[in-house]
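Residue numbers (this note's numbering): 1 to 378.
Just so you know, the hints here were simulated from the structure itself, not pulled from any lab data.
List of simulated lysine-lysine pairs, DSS-like, C-alpha gap at most 25 angstroms:
1. K151 x K327
2. K13 x K24
3. K356 x K169
4. K277 x K16
5. K38 x K68
Per label pair, the in silico range of CB-to-CB distance:
6. K64 x V323: 19 to 25 angstroms
7. D60 x R251: 20 to 26 angstroms
8. K13 x G333: 46 to 52 angstroms
9. A161 x R41: 46 to 52 angstroms
10. D200 x A150: 33 to 39 angstroms
11. H230 x S128: 38 to 44 angstroms
A virtual CB, placed ideally from N, CA and C, is assigned to each residue, including glycine.
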Amino acid sequence: MGLGSCGSAPPAKPVKPSVATSAKEVGGMDALIAAARKEGRLNAIALPRDWANYGGLIDDFEKKYGIKVAVSDPYGHSEDELSAVARSGTRPNAPDVIDVGDTFARTAAGQQLLAPYRVAQYDAIPDSQKDPQARWYNNYGGYISIGCDAKRVMTCPETFADLLKPEYKGKVALEGDPTRSGTAFASVYAAALANNGSFDNIQPGLDFFAKLRKIGNFDRVQATSAAVEHGQTPVALNWDYTNLGYTDQFRGEGVDWQVSIPFDGSFAQYYAQAINKNAPHPAAARLWQEFLFSTEGQNLRLRGYARPVLMAAMEQNGTLDKVAAAKLPTVEGTPQFPTESQLEKARETVAQGWTKAVSGATPTRHAVRLPPPGQPRS
Numbered sequence: 001m002g003l004g005s006c007g008s009a010p011p012a013k014p015v016k017p018s019v020a021t022s023a024k025e026v027g028g029m030d031a032l033i034a035a036a037r038k039e040g041r042l043n044a045i046a047l048p049r050d051w052a053n054y055g056g057l058i059d060d061f062e063k064k065y066g067i068k069v070a071v072s073d074p075y076g077h078s079e080d081e082l083s084a085v086a087r088s089g090t091r092p093n094a095p096d097v098i099d100v101g102d103t104f105a106r107t108a109a110g111q112q113l114l115a116p117y118r119v120a121q122y123d124a125i126p127d128s129q130k131d132p133q134a135r136w137y138n139n140y141g142g143y144i145s146i147g148c149d150a151k152r153v154m155t156c157p158e159t160f161a162d163l164l165k166p167e168y169k170g171k172v173a174l175e176g177d178p179t180r181s182g183t184a185f186a187s188v189y190a191a192a193l194a195n196n197g198s199f200d201n202i203q204p205g206l207d208f209f210a211k212l213r214k215i216g217n218f219d220r221v222q223a224t225s226a227a228v229e230h231g232q233t234p235v236a237l238n239w240d241y242t243n244l245g246y247t248d249q250f251r252g253e254g255v256d257w258q259v260s261i262p263f264d265g266s267f268a269q270y271y272a273q274a275i276n277k278n279a280p281h282p283a284a285a286r287l288w289q290e291f292l293f294s295t296e297g298q299n300l301r302l303r304g305y306a307r308p309v310l311m312a313a314m315e316q317n318g319t320l321d322k323v324a325a326a327k328l329p330t331v332e333g334t335p336q337f338p339t340e341s342q343l344e345k346a347r348e349t350v351a352q353g354w355t356k357a358v359s360g361a362t363p364t365r366h367a368v369r370l371p372p373p374g375q376p377r378s
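Using the sequences and the hints, build the whole thing.
See the structure below:
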């Protein structure tokens, strides 16, 4: 699963990286690496360093290949990434790659924004976690969790039902707006599952937040890392890897951040990687994908509390970082995932109903920024 030579003879006439659908078509991994180094740069977007260990991934990629990773709009959401790709066209500052919730990846593929490319480990990725045309594939994931500052909340909530208790008045926040944020959208889906909803019916999730707003528990301040550190969001719904990262990040900053995965609304999702079809650095974009799906890249995800998509395969072949894996919170059962049609229906329901559900809530407030700023993306 490393990034060595392909081991097979390269094609007689290697193609340009911009049209290559595999490293073999470029002439093999060595040729891809050489082309990427010549480009010298990768344009990324919406990748905060404290999200799923992007800090470690970027540092190791730059050191390994001597390629500069430039991240624009590091605090953007999945919808912002798609908009940036669509409007940037062939400009040299266009994003080379995107990292989005898989619902948004499907949208991008439908809009013909993505380049097909099969990473070396494509066949090992579960069929449910990749596009059959290799325009996108999931790389890491986690479970929606409840984070809580035990120094500001007497008893931390552990379930969605707990969030309705009067002791959490004005304290419960989301990572963003679920019409734009994959994380917030997943939180609504989890709330639906906790309230007799299903993958086919996300409406109970909207009803839950409407009730949370009506009783005064919902606060529309965005649950960024800065907001967590400053006590603006003492209870926050987010991915478990993000909330667990906050536990480590703020342990010495007076924040006792505790994390629970709500058993009444267990919802897991993966985040997808994809290449802009107009990537200004097509070789670096493809090399970045290979790196993220290598043993090194997948274990770096794991060290950031994210569950790598190749975790089962790596556990079987003995390449998984067992120490990092042991730190993941225990979950019960096998995660289930909504189908593409269920996701599309859910997105339409949320897009049409979210504003009405939370109308009357306190207007969204901007979180305090820290130097350097840190904020989860979605």
